[in-house]
Amino acid sequence: MNKVFLSCAEAVADVPDGAVIMIGGFGGAGGMPQCLIQALREQGAKNLTIISNTGGLAGFGALSGSVTITHNVLIESGQVRKVVASFPVSASPSRPNAFEVLYRQGKVELELVPQGTLAERIRAGGAGIPAFYTPTGVGTAVAQGKETRVFYGQECVLEHALKADYAFLRANRADTTGNLAYKGTSRNFSPLMATAARVTVAEVDEILESGCIDPEVVATPGIYVKRLVKR
Amino acid sequence: MNKVFLSCAEAVADVPDGAVIMIGGFGGAGGMPQCLIQALREQGAKNLTIISNTGGLAGFGALSGSVTITHNVLIESGQVRKVVASFPVSASPSRPNAFEVLYRQGKVELELVPQGTLAERIRAGGAGIPAFYTPTGVGTAVAQGKETRVFYGQECVLEHALKADYAFLRANRADTTGNLAYKGTSRNFSPLMATAARVTVAEVDEILESGCIDPEVVATPGIYVKRLVKR
Amino acid sequence: MPERLNREAIAMRVAKELPDGAYVNLGIGIPTLVSQFVPEGRTVAYHSENGLLRYGPLAAPGQEDIDLINAGGQFLLPVPGMAFFNSAEAFAMIRGGHIDVTVLGAFQVSERGDLANWMLSSRGVGNIGGAMDLAAGAKRVIVAMEHTDPLGNPKIVRECSYPLTGQHCVSLIITDVAVIEVGAAGLRLREIAPGWTPEAIQEITEPRLAVADNVKEITL
Amino acid sequence: MPERLNREAIAMRVAKELPDGAYVNLGIGIPTLVSQFVPEGRTVAYHSENGLLRYGPLAAPGQEDIDLINAGGQFLLPVPGMAFFNSAEAFAMIRGGHIDVTVLGAFQVSERGDLANWMLSSRGVGNIGGAMDLAAGAKRVIVAMEHTDPLGNPKIVRECSYPLTGQHCVSLIITDVAVIEVGAAGLRLREIAPGWTPEAIQEITEPRLAVADNVKEITL
Numbered sequence: 006m007n008k009v010f011l012s013c014a015e016a017v018a019d020v021p022d023g024a025v026i027m028i029g030g031f032g033g034a035g036g037m038p039q040c041l042i043q044a045l046r047e048q049g050a051k052n053l054t055i056i057s058n059t060g061g062l063a064g065f066g067a068l069s070g071s072v073t074i075t076h077n078v079l080i081e082s083g084q085v086r087k088v089v090a091s092f093p094v095s096a097s098p099s100r101p102n103a104f105e106v107l108y109r110q111g112k113v114e115l116e117l118v119p120q121g122t123l124a125e126r127i128r129a130g131g132a133g134i135p136a137f138y139t140p141t142g143v144g145t146a147v148a149q150g151k152e153t154r155v156f157y158g159q160e161c162v163l164e165h166a167l168k169a170d171y172a173f174l175r176a177n178r179a180d181t182t183g184n185l186a187y188k189g190t191s192r193n194f195s196p197l198m199a200t201a202a203r204v205t206v207a208e209v210d211e212i213l214e215s216g217c218i219d220p221e222v223v224a225t226p227g228i229y230v231k232r233l234v235k236r
Numbered sequence: 006m007n008k009v010f011l012s013c014a015e016a017v018a019d020v021p022d023g024a025v026i027m028i029g030g031f032g033g034a035g036g037m038p039q040c041l042i043q044a045l046r047e048q049g050a051k052n053l054t055i056i057s058n059t060g061g062l063a064g065f066g067a068l069s070g071s072v073t074i075t076h077n078v079l080i081e082s083g084q085v086r087k088v089v090a091s092f093p094v095s096a097s098p099s100r101p102n103a104f105e106v107l108y109r110q111g112k113v114e115l116e117l118v119p120q121g122t123l124a125e126r127i128r129a130g131g132a133g134i135p136a137f138y139t140p141t142g143v144g145t146a147v148a149q150g151k152e153t154r155v156f157y158g159q160e161c162v163l164e165h166a167l168k169a170d171y172a173f174l175r176a177n178r179a180d181t182t183g184n185l186a187y188k189g190t191s192r193n194f195s196p197l198m199a200t201a202a203r204v205t206v207a208e209v210d211e212i213l214e215s216g217c218i219d220p221e222v223v224a225t226p227g228i229y230v231k232r233l234v235k236r
Numbered sequence: 528m529p530e531r532l533n534r535e536a537i538a539m540r541v542a543k544e545l546p547d548g549a550y551v552n553l554g555i556g557i558p559t560l561v562s563q564f565v566p567e568g569r570t571v572a573y574h575s576e577n578g579l580l581r582y583g584p585l586a587a588p589g590q591e592d593i594d595l596i597n598a599g600g601q602f603l604l605p606v607p608g609m610a611f612f613n614s615a616e617a618f619a620m621i622r623g624g625h626i627d628v629t630v631l632g633a634f635q636v637s638e639r640g641d642l643a644n645w646m647l648s649s650r651g652v653g654n655i656g657g658a659m660d661l662a663a664g665a666k667r668v669i670v671a672m673e674h675t676d677p678l679g680n681p682k683i684v685r686e687c688s689y690p691l692t693g694q695h696c697v698s699l700i701i702t703d704v705a706v707i708e709v710g711a712a713g714l715r716l717r718e719i720a721p722g723w724t725p726e727a728i729q730e731i732t733e734p735r736l737a738v739a740d741n742v743k744e745i746t747l
Numbered sequence: 528m529p530e531r532l533n534r535e536a537i538a539m540r541v542a543k544e545l546p547d548g549a550y551v552n553l554g555i556g557i558p559t560l561v562s563q564f565v566p567e568g569r570t571v572a573y574h575s576e577n578g579l580l581r582y583g584p585l586a587a588p589g590q591e592d593i594d595l596i597n598a599g600g601q602f603l604l605p606v607p608g609m610a611f612f613n614s615a616e617a618f619a620m621i622r623g624g625h626i627d628v629t630v631l632g633a634f635q636v637s638e639r640g641d642l643a644n645w646m647l648s649s650r651g652v653g654n655i656g657g658a659m660d661l662a663a664g665a666k667r668v669i670v671a672m673e674h675t676d677p678l679g680n681p682k683i684v685r686e687c688s689y690p691l692t693g694q695h696c697v698s699l700i701i702t703d704v705a706v707i708e709v710g711a712a713g714l715r716l717r718e719i720a721p722g723w724t725p726e727a728i729q730e731i732t733e734p735r736l737a738v739a740d741n742v743k744e745i746t747l
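Protein chains in written order, with the working numbering: chain A, 6 to 236; chain B, 6 to 236; chain C, 528 to 747; chain D, 528 to 747.
One should not assume that every hint holds.
Restraint-style ranges between C-beta atoms, simulated for each label pair [what the hints assert, rightly or not]:
hint, chain 1, residue 1, chain 2, residue 2, range
1, C, Gly568, A, Ser69, 47 to 57 Å
2, B, Ser97, C, Pro725, 50 to 60 Å
3, B, Ser97, C, Thr746, 33 to 43 Å
4, D, Met528, A, Ala146, 30 to 40 Å
5, C, Ala737, B, Gly23, 56 to 66 Å
6, D, Pro584, B, Gly49, 29 to 39 Å
7, B, Asn7, C, Gly589, 47 to 57 Å
8, C, Arg650, B, Gly150, 16 to 26 Å
9, C, Lys666, D, Asn680, 53 to 63 Å
10, C, Glu535, B, Leu115, 33 to 43 Å
11, D, Ala587, B, Lys87, 38 to 48 Å
12, A, Ser82, D, Pro588, 50 to 60 Å
Negatives, chain B to chain D, calculated, CB over 12 Å [unchecked claim]:
hint, residue
13, Lys8
14, Ile134
15, Asp180
16, Ile218
Read the hints as simulated data drawn from the structure, not as lab findings. Ideal Cβ placement from N, Cα and C applies to all residues, glycine included.
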């Protein structure tokens with residue numbers, strides 16, 4: 006059961022038009038699967054749904070002088086039909102990202118989700134929990150049209166699990182069984198997305214022999230990872 | 006904000022009669038807060054509700070010749086009114102544990118919960134999720150009287166969060182900010198229970214200076230831990 | 528009556544059902560024996576619901592570590608590629624459909640694949656442990672058991688009389704005399720132990736068994 | 528008109544609200560400035576919703592590490608006692624009521640403590656990020672903002688006209704001219720900036736302010 010792919014191109018080759026893809030990372034360079042995204046841009050699949058914390062930002066958390074490739078490039082190229090995110094647009098209205106421009110033109114849809122609800126819905130998708138109640142968002146636009154219910158005196162809204170065809174992640178290192186370890190704040194959504202996709206693809210700095218990651222540090226056990234590629 | 010207590014007796018001194026207490030560990034020696042349990046037995050609080058994987062077993066996962074103190078001793082001493090567990094009785098009917106004996110006498114109540122539902126209900130309690138749907142247990146005794154609902158063609162049962170007044174855990178090591186690290190399979194329920202109790206008390210092998218646990222290995226961040234005691 | 532397979536032989540037959548690369552959870556009893564019989568050339572990763580993925584063989588006396596046990600409380604040896612996690616994560620793997628196969632013991636299995644394995648009605652109280660989660664969540668549930676109970680009563684029944692662990696969850700039943708598939712149309716006898724006939728197996732089975740065209744002898 | 532406090536001064540006043548040992552999440556903008564003004568002798572642990580508990584000051588140019596940022600995308604320095612975790616865990620801390628105080632910016636706050644801080648209606652699309660979770664989950668929500676918008680309109684209003692972040696969630700409003708408590712009976716003016724009168728503050732505040740008996744000057 007070899008999980009190691011030799012190139013990002015090979016690892017994303019079978020992504021079909023219409024696929025639902027989770028993309029890890031918080032927004033900036035840390036945790037962003039830049040090589041897989043670039044490969045998917047070149048591969049050209051269309052009508053994609055992207056589930057990610059942001060709608061694709063260019064300069065978030067960027068080192069000065071560096072360029073981070075994010076799903077922004079997939080939106081620019083017109084490959085994306087729908088975005089599910091908590092932070093879809095740039096912080097500054099005067100510098101709209103590709104998502105905002107296309108959204109205003111009606112060329113891309115948005116499902117806006119509070120960040121904690123987004124994380125929990127992805128976790129639920131991976132954990133076989135079809136739906137849960139949360140107090141987040143009650144009385145706001147994100148609860149419109151959703152079922153609400155009072156528990157212990159607190160009004161809550163019913164939220165449903167999110168799943169995907171693919172998850173693209175960046176981790177710090179992997180072993181050949183697919184175990185992943187992350188670094189610092191670059192963990193964020195990736196371990197959750199790894200559980201919620203049919204095919205999880207991890208772009209990593211190093212692929213080590215089985216047993217070279219401390220079993221206490223593994224944040225994504227190999228059961229969730231189908232493909233590994235060294236960036 | 007000193008979290009370090011000098012003795013288990015001091016760390017459990019304020020447990021009132023009627024308290025709801027989560028007890029970590031899977032059943033045997035690993036992860037079982039043996040010193041805190043012993044201290045609670047001596048402290049004498051009554052009418053307790055114990056939430057734990059088992060109903061208190063004596064010899065589970067025991068090294069030959071060793072004795073493991075479990076909440077079995079609190080049940081024997083009549084301090085427990087109710088047990089919430091997935092594995093309440095001994096594997097062998099011919100050697101009933103204290104729980105089974107008292108249960109047959111009507112002296113202790115049982116809420117029997119599938120193990121994964123127990124873990125998820127405790128996690129939900131700590132994560133502010135009041136209730137969730139799960140396919141586990143549908144059509145069985147544990148779903149009786151509970152609301153069910155079909156999601157994506159699969160019947161699911163609504164389960165509610167569990168919370169507690171205290172959580173008693175054993176971890177491998179702590180730092181003075183309350184960060185905890187566990188060893189191997191002794192992690193199990195403890196990181197979940199740490200999040201779901203008003204007062205979490207950890208019995209640890211070592212208390213280190215802040216910064217002496219790799220931040221990637223911390224499985225219970227210090228925000229969840231109120232009291233530390235070296236065993 | 529012809530001979531029945533012993534527990535090890537049942538486990539050997541089960542082991543052939545585990546595909547290369549599968550993630551597998553083994554229940555207590557006969558299922559625990561399965562890991563030692565996996566055919567050469569196949570790598571199977573074992574999951575234990577107390578928070579462990581991949582583990583080695585049982586530890587011999589003197590090698591035990593209280594921090595490395597399986598869900599049955601047995602001491603294990605470490606193995607490269609292990610990962611540890613908490614119980615919520617362990618059951619997320621099960622409930623989320625990430626476990627390819629679970630092998631469970633049973634008191635009874637119904638013709639619709641209902642499973643009863645957590646409580647003998649006579650005891651009045653029992654242990655569920657992870658069985659209901661495994662029954663509901665694993666992609667494939669294989670039951671490994673004796674074909675009849677100690678009194679000779681069928682354990683494969685029309686309706687379970689013992690409390691259920693899960694509904695319509697069992698895919699395959701491997702006993703000491705037969706391999707039986709559970710399908711939408713009911714039970715189908717696929718393999719029989721040496722010396723047994725389909726008729727003899729039907730006699731100790733409550734629901735009607737359809738006999739597969741290519742029914743064959745169990746080989747190990 | 529008398530002078531207003533600058534952003535740093537607002538942050539200094541907010542800092543006095545953070546008790547020793549508190550776990551605190553700071554939003555983007557003025558709230559981010561709060562950490563540098565915590566009174567001596569108090570230890571506050573900061574939480575960042577991208578998966579971090581406890582962090583040091585901002586990293587200077589040349590010290591940046593892409594794997595150590597806050598939720599605003601700023602680079603941080605490490606500090607002893609840090610812990611890293613995933614986003615579900617980060618929000619379990621928030622939603623589960625483990626964060627003692629969050630300090631957030633706002634476009635508007637209503638007299639019932641409704642908060643609007645995620646979208647200017649004119650833009651038509653906006654970022655929620657972690658704000659709704661913090662509004663619903665933190666034990667105490669403090670708003671730090673200018674008292675009026677750039678056009679001089681009150682930001683403390685009877686009903687928010689901008690889309691809501693949360694209902695009845697704000698406990699305390701700290702602006703460049705006042706400290707105002709949100710209670711069941713409405714808003715209560717507790718402190719005023721030097722040179723200001725309760726009347727002058729009422730004039731730039733839409734709902735009626737009750738004036739505390741012991742109303743006093745803001746000190747930093």
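Going through the hints against the structure:
1. C/Gly568 x A/Ser69: 47 to 57 Å: Taking Cβ atoms as reference, C/Gly568 and A/Ser69 lie about 53 Å apart, which means the hint holds.
2. B/Ser97 x C/Pro725: 50 to 60 Å: violated, 37 Å
3. B/Ser97 x C/Thr746: 33 to 43 Å: Holds: the Cβ-Cβ distance is about 35 Å, inside 33 to 43 Å.
4. D/Met528 x A/Ala146: 30 to 40 Å: holds, 36 Å
5. C/Ala737 x B/Gly23: 56 to 66 Å: holds, 58 Å
6. D/Pro584 x B/Gly49: 29 to 39 Å: Since the Cβ atoms of D/Pro584 and B/Gly49 sit about 49 Å apart, the hinted range of 29 to 39 Å is violated.
7. B/Asn7 x C/Gly589: 47 to 57 Å: Violated - the Cβ-Cβ distance for B/Asn7 and C/Gly589, about 41 Å, lies outside 47 to 57 Å.
8. C/Arg650 x B/Gly150: 16 to 26 Å: Hint holds: Cβ distance 22 Å, inside 16 to 26 Å.
9. C/Lys666 x D/Asn680: 53 to 63 Å: With Cβ atoms ~59 Å apart, the hint holds.
10. C/Glu535 x B/Leu115: 33 to 43 Å: holds, 36 Å
11. D/Ala587 x B/Lys87: 38 to 48 Å: violated, 57 Å
12. A/Ser82 x D/Pro588: 50 to 60 Å: Between A/Ser82 and D/Pro588, where Cβ atoms are some 33 Å apart, the hint is violated.
13. Lys8: The assertion about B/Lys8 is violated, with a minimum of 9 Å to chain D.
14. Ile134: It is violated; B/Ile134 is separated from chain D by about 7 Å at its closest Cβ, not greater than 12 Å.
15. Asp180: At about 6 Å from chain D, B/Asp180 fails to clear the 12 Å cut-off, so the statement is violated.
16. Ile218: violated, 8 Å
The structure does not agree with the numbered hints 2, 6, 7, 11, 12, 13, 14, 15, 16 stated previously, though it agrees with the rest.
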